[in-house]
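Engineer: Sequence:
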Amino acid sequence: MAKHTSKQLRHLQTQCKPYQDLHKAAQARQPLIDSKLKSLSKSSKDTLDRQAAIAVFASGKPYTLYENPEIGKLLQMLHPAYKPPDGKRVASFLDSVYLEYRQRVKDLLDEPPYLNVIFDASEDISCNRIMNVSIEIPNSVALP
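Those letters in the sequence shown? Residues -1 to 142, per my numbering, in order.
Derived by calculation from the structure, the hints in this document are not laboratory data.
Only a predicted model underlies this, so the values are computations on that prediction, with no experimental measurement involved.
Any given hint could be a false lead.
Stated by the list, open to error - Computed list of lysine to aspartate or glutamate pairs in EDC-like fashion (alpha-carbon distance at most 20 Å, straight line):
{"no.": "1", "residue 1": "K59", "residue 2": "D84"}
{"no.": "2", "residue 1": "K86", "residue 2": "E134"}
{"no.": "3", "residue 1": "K81", "residue 2": "D47"}
{"no.": "4", "residue 1": "K43", "residue 2": "D93"}
{"no.": "5", "residue 1": "K40", "residue 2": "D84"}
{"no.": "6", "residue 1": "K81", "residue 2": "D122"}
{"no.": "7", "residue 1": "K43", "residue 2": "D84"}
{"no.": "8", "residue 1": "K104", "residue 2": "E134"}
{"no.": "9", "residue 1": "K59", "residue 2": "D47"}
{"no.": "10", "residue 1": "K36", "residue 2": "D19"}
{"no.": "11", "residue 1": "K104", "residue 2": "D122"}
{"no.": "12", "residue 1": "K86", "residue 2": "E109"}
{"no.": "13", "residue 1": "K81", "residue 2": "D44"}
{"no.": "14", "residue 1": "K43", "residue 2": "D19"}
{"no.": "15", "residue 1": "K71", "residue 2": "D84"}
{"no.": "16", "residue 1": "K59", "residue 2": "D108"}
{"no.": "17", "residue 1": "K81", "residue 2": "E98"}
{"no.": "18", "residue 1": "K71", "residue 2": "D47"}
{"no.": "19", "residue 1": "K81", "residue 2": "E65"}
Stated by the list, open to error - Ranges of calculated distance between the beta carbons of each label pair, as one might list FRET restraints:
{"no.": "20", "residue 1": "L97", "residue 2": "P60", "range": "18 to 26 Å"}
{"no.": "21", "residue 1": "P111", "residue 2": "S90", "range": "33 to 41 Å"}
{"no.": "22", "residue 1": "L113", "residue 2": "T45", "range": "32 to 40 Å"}
{"no.": "23", "residue 1": "R102", "residue 2": "K43", "range": "24 to 32 Å"}
{"no.": "24", "residue 1": "K5", "residue 2": "A53", "range": "54 to 62 Å"}
{"no.": "25", "residue 1": "Q11", "residue 2": "A79", "range": "28 to 36 Å"}
{"no.": "26", "residue 1": "S90", "residue 2": "S120", "range": "29 to 37 Å"}
{"no.": "27", "residue 1": "D122", "residue 2": "P67", "range": "28 to 36 Å"}
From the three backbone atoms N, C-alpha and C, an ideal C-beta is built for every residue, glycine too.
Based on the sequences and whatever the hints tell you, model everything.
Structural biologist: If you want it as structure tokens, here you go:
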């Protein structure tokens, strides 16, 4: 065992300017090991997965969006403990999210005394008929 190590350490920490500068620089460059060991509770994971599913549904992206390696890297950088959902997990939220949105729309439509309903039809490039229905509610904004 080395002798006088505490005396040397005290000297380095209090009187040796080059050591202090080097020590501060090393701390600034190196991430703490616990930053990679953060955990995620099951309820937090479920909440994040559900929000990821809502983002997929609202944006019209494929259920497998989070299986893309680059999306996975991005999410790992944002939260190292989070493993994004696969397509099957995203699809598992579809029914509950649909029912929530359906209820929100129903509540909005039941409220006003009158509605403005607009129908528009056209064909896509494969000659399939497409019908768009828009409903305008007085003094309302679009449903997010």
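Engineer: Now look at each hint and say whether the structure bears it out.
Structural biologist: Against the structure, the hints come out as follows:
1. K59 with D84: Holds, at about 13 Å.
2. K86 with E134: violated, 35 Å
3. K81 with D47: Answer holds: K81 to D47 is near 9 Å, not above 20 Å.
4. K43 with D93: Distance of about 19 Å is within 20 Å: holds.
5. K40 with D84: holds, 16 Å
6. K81 with D122: violated, 38 Å
7. K43 with D84: Given pair K43, D84 holds - Cα atoms ~13 Å apart, limit 20 Å.
8. K104 with E134: This hinted pair holds, its Cα atoms lying about 13 Å apart.
9. K59 with D47: holds, 15 Å
10. K36 with D19: violated, 29 Å
11. K104 with D122: This hinted pair is violated, its Cα atoms lying about 29 Å apart.
12. K86 with E109: Violated. K86 to E109 sits at ~36 Å, over the 20 Å cutoff.
13. K81 with D44: Within the cut-off at roughly 11 Å; holds.
14. K43 with D19: violated, 41 Å
15. K71 with D84: holds, 14 Å
16. K59 with D108: violated, 30 Å
17. K81 with E98: Roughly 25 Å separates the two Cα atoms, so the pair is violated.
18. K71 with D47: holds, 16 Å
19. K81 with E65: holds, 10 Å
20. L97 with P60: 18 to 26 Å: holds, 22 Å
21. P111 with S90: 33 to 41 Å: 39 Å Cβ-Cβ, so the 33 to 41 Å window holds.
22. L113 with T45: 32 to 40 Å: holds, 34 Å
23. R102 with K43: 24 to 32 Å: Check passed, 25 Å falls within 24 to 32 Å.
24. K5 with A53: 54 to 62 Å: Since the Cβ atoms of K5 and A53 sit about 58 Å apart, the hinted range of 54 to 62 Å holds.
25. Q11 with A79: 28 to 36 Å: holds, 34 Å
26. S90 with S120: 29 to 37 Å: holds, 34 Å
27. D122 with P67: 28 to 36 Å: For D122 and P67 the Cβ distance comes to about 32 Å; the hint holds.
In summary, the structure is inconsistent with hints 2, 6, 10, 11, 12, 14, 16 and 17 from the numbered list given earlier, while agreeing with the others.
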